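Colleague: Turn these sequences into a full structure, and let the hints guide you.
Count along the sequence shown from 1, then add 1432; that gives the number in our numbering.
Think of the hints as simulated: they come from the structure by calculation, not from any bench.
As the structure is a computational prediction, the values presented were derived from the model and not from experiment.
Any given hint could turn out to be false.
As the list claims (entries may be wrong) - Straight-line distance between alpha carbons at most 20 Å, and here's what the computed EDC-like set of lysine to aspartate or glutamate pairs gives:
hint : residue 1 : residue 2
1    : Lys1739   : Glu1820
2    : Lys1745   : Glu1634
3    : Lys1739   : Glu1686
4    : Lys2018   : Asp2037
5    : Lys2156   : Asp2191
6    : Lys2024   : Glu2044
7    : Lys1739   : Glu1679
8    : Lys1720   : Glu1686
9    : Lys1739   : Asp1821
10   : Lys2019   : Glu1986
11   : Lys2018   : Glu2044
12   : Lys2163   : Asp2191
13   : Lys1739   : Glu1825
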Amino acid sequence: MAIPTRARRAAPASANEYGNNSSSAGTATTPSAQWLAKAETWDSTAQAVSQENLGPVLEYLLTSQDQALSLGEIVTTAKVFKVLADMSRTSDIRQVLTEATELGSVSCHLLQRTVASLSSGPSQQHVADERAEHVFLLVQLLRCICNQSADNDAGRAKILQHGGISTLAAVLRSVDEVWREPLLVGQAAFGAALNVSLDNAECTAALISAGAMGPHIRALSPDAAGSGDELFQIWSIICMSLDNMCEHEQAVPELEGHADLAPSMLGSLVRITQMLSNGETTNEDTAKALRGAQRTLLWILCETLEKSAGIRKQLCQPQAMLSLFDVLEFYLCNGAESEGQADDEQGAEPGTATEAAPQPLPPNKPMPQTTNRSADAITQMIVGVSGEDEGLEVLFENQRLMDRLLSAFTSGPGAAPDPQDQRHDAMAAAAALCLGNLARTDNHCSRLVAEHPALVRTLIHDWFASRGPNVRTRHAASGLLKNLCLASANKQRMADFGLIAVAADNIDTAVVPIMANAIGILRHLLNGPAAVEVVSELLLLRQPRQQSSSKRAEECALETLLRAVRETDIDGIRCEGTRLVAAVVKKVYLRKDERQPQLERAQQDLEARGAELVEPLVRLVMLDGQRHPLLQQESLVALTVLVSASSSRASYAHSIVRLLAPENSVPLANPMAQDAEEEADDDKDKGEDSDKKTAAEVEGFAGILRGLLNPEGAVWPQTTLQAKSMVTQLKASMQAAGLQSFDPVGLAKLQTDILPLAD
1433 MAIPTRARRA APASANEYGN NSSSAGTATT PSAQWLAKAE TWDSTAQAVS QENLGPVLEY
1493 LLTSQDQALS LGEIVTTAKV FKVLADMSRT SDIRQVLTEA TELGSVSCHL LQRTVASLSS
1553 GPSQQHVADE RAEHVFLLVQ LLRCICNQSA DNDAGRAKIL QHGGISTLAA VLRSVDEVWR
1613 EPLLVGQAAF GAALNVSLDN AECTAALISA GAMGPHIRAL SPDAAGSGDE LFQIWSIICM
1673 SLDNMCEHEQ AVPELEGHAD LAPSMLGSLV RITQMLSNGE TTNEDTAKAL RGAQRTLLWI
1733 LCETLEKSAG IRKQLCQPQA MLSLFDVLEF YLCNGAESEG QADDEQGAEP GTATEAAPQP
1793 LPPNKPMPQT TNRSADAITQ MIVGVSGEDE GLEVLFENQR LMDRLLSAFT SGPGAAPDPQ
1853 DQRHDAMAAA AALCLGNLAR TDNHCSRLVA EHPALVRTLI HDWFASRGPN VRTRHAASGL
1913 LKNLCLASAN KQRMADFGLI AVAADNIDTA VVPIMANAIG ILRHLLNGPA AVEVVSELLL
1973 LRQPRQQSSS KRAEECALET LLRAVRETDI DGIRCEGTRL VAAVVKKVYL RKDERQPQLE
2033 RAQQDLEARG AELVEPLVRL VMLDGQRHPL LQQESLVALT VLVSASSSRA SYAHSIVRLL
2093 APENSVPLAN PMAQDAEEEA DDDKDKGEDS DKKTAAEVEG FAGILRGLLN PEGAVWPQTT
2153 LQAKSMVTQL KASMQAAGLQ SFDPVGLAKL QTDILPLAD
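Modeller: Set out below in structure tokens:
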């Protein structure tokens, strides 16, 4: 078999690997026998394959197939193709055979006849020796097609033109009927499938359409593992061929259309992982082939699951999830060793390997881990599969799966330098992400908290509260806690577990995703019976963690939040943090109950901040309302409350009017277009539109507010009504305080541009 130039390739196949099951040399009267007899007398290989010498042989094989495949002649025919297959290992000869002969056509026609003969009914079965001769011919034909196709698109086109690919797929599909010698036929057949389709979209599509993916996957099934080390050595060829097909756009529809294929791939991955984990093979070549197959199957599944919701649904079963965790545990226990071996095996080994293409990284996620790519890939597969709605109930109700997930949190987080602790942290992160996906309904959220209180305490106090280096697990744990806070039945329970203090304590973390989760938790709990506890915790003075970077000896969590919102360039933190500020304002000023004294003290704390509260709310109003109408609405409600329901409404009114002045108000960048280069390119393309955008930016908050009052385009009617309400209350507060005390530029903007629209 010729060696493809691509990194993924089948091992070169020598003739000796396939054997010769007959001593018959055929008669000396046929063109085939005459050509073989002269084989050792040619001055060069080029002379042997010239049209003058080889042409009559190929014409005879094509036009006299019955004679060429007769019992007395079949071995001679096989030997011709054996010699031609060996010659085709050289690129120059391969080119001559493709361009100057009909070898492709002859190979395809004889392959079709041979497959039909081997697949014939029981009444026509050959005796053992005759069948061995047909298998010998089949192997040599497959080798010839394989080597003719290596790095040779012209040769591949001829194979496709003459039906060779469909016949090749038939060989693969007929494994039970034809493969009496699976190593011989299997290596040749899968090698031919790999070489004929490698980096050739047309041939790959034909191979997929002919149904070749199923035989590839079934050949890697756990049932095939009982055939000994020799069979496993073919797995690397099978996996490379399967990987090539899975890169084609037709692969995903093919897998989606056959519900057994993706689970079979996962089953093969699990079986190989078990064999490597248990040390079931002592042969280094076999172990190398198994590692290569494991690596290929892992990335095929990872990339396929990322592309296809249908395939994720096929794997959305408890046993599949348990299998994924088994594979994850293997990679966590053997991560450094496995990836080191992978790098070595993909490196350049003279004569047997070419430089490997870089392995694709797992899909981008909020907290990527770069130390173990394989474990990352499995984790993302777990997240993707558990995120499908169709399997939500069946996964959550499976006790074995739930026990496996809960067991990941049996001990607290470890220290980063300890590999065992790192493995435990990574398993806990995957379990938390999976549980977070399963807790997407109020019923699941409430049951998880009610039935597993120890888990919730562990998540809060051992994982979320920890300031250790296990950042990814803290992020996953805090995300799960945020989901659990969504259910109304859980809000007071989560507060009773001590989550409010831990979340408020994490507002000043340097890890942005954890900060975002902490803000989200507080916002969810604020909308429930624990609202006053949240407000009190946010206003409680505490020592800052980063003493060197803090200008104050102590500050409350709300002050930390306002500073983060003011200083961050991350829109998610700015938006969610400001939404929390708006929610605090509404709770403090609008809630009336038996805890009113605490709320009155909170009002005093808020009023002492004045402009610090107003500015982030105004900034949020200035976001693109077509993309963020809810954010605008929430901020406008909070501003309305500040200028109407508080004893310091005049102070808040002064801050709002001041921000109406263009020099005091610069709008935020649209969160959907942060890239400066993209904005520059857009400005060049827009031409005059860019000037209009600049003019709108100069007007700032006043321009945004005017647009809400006099809407053009997609503006929520509720937003327009709320903007009018805010302006009306602002006007009343200003009149009560006296207009002469307000910023003159902002006041002029209000009186000339905004009040007429509100009235």
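Colleague: Run every hint past the structure and note whether it holds.
Modeller: Verification of the hints:
1. Taken as a hint, the Lys1739 and Glu1820 pair is honoured in the structure, with Cα atoms around 13 Å apart against an allowance of 20 Å.
2. Restraint check for Lys1745 and Glu1634: the C-alpha separation of about 29 Å exceeds 20 Å, so the hint is violated.
3. This hinted pair checks out: Lys1739 and Glu1686 have alpha carbons roughly 13 Å apart, not beyond 20 Å.
4. Between Lys2018 and Asp2037, the direct Cα distance comes to roughly 14 Å. Compliance with the 20 Å bound is thereby established for this hinted pair.
5. Annotation: proposed proximity of Lys2156 to Asp2191 holds, straight-line Cα distance about 8 Å (limit 20 Å).
6. Our distance criterion of 20 Å between C-alpha atoms is broken by Lys2024 and Glu2044, whose separation comes to about 25 Å.
7. Using a Cα cut-off of 20 Å, the hinted pair Lys1739 and Glu1679 holds, with the two alpha carbons roughly 11 Å apart.
8. The suggested pairing of Lys1720 with Glu1686 is violated, with an alpha-carbon distance near 29 Å, which exceeds 20 Å.
9. Of the supplied pair hints, the one linking Lys1739 and Asp1821 holds, its CA atoms being roughly 17 Å apart against a limit of 20 Å.
10. A hinted pair counts as satisfied when its Cα atoms are at most 20 Å apart, and Lys2019 with Glu1986 does not qualify at roughly 25 Å.
11. Distance hint between Lys2018 and Glu2044 is fulfilled; the C-alpha atoms sit about 16 Å from each other, no more than 20 Å.
12. Restraint check for Lys2163 and Asp2191: satisfied, since their Cα atoms lie roughly 11 Å apart, inside the 20 Å limit.
13. Simply put, Lys1739 and Glu1825 have alpha-carbon atoms about 23 Å apart, too far for the 20 Å limit, and the pair is violated.
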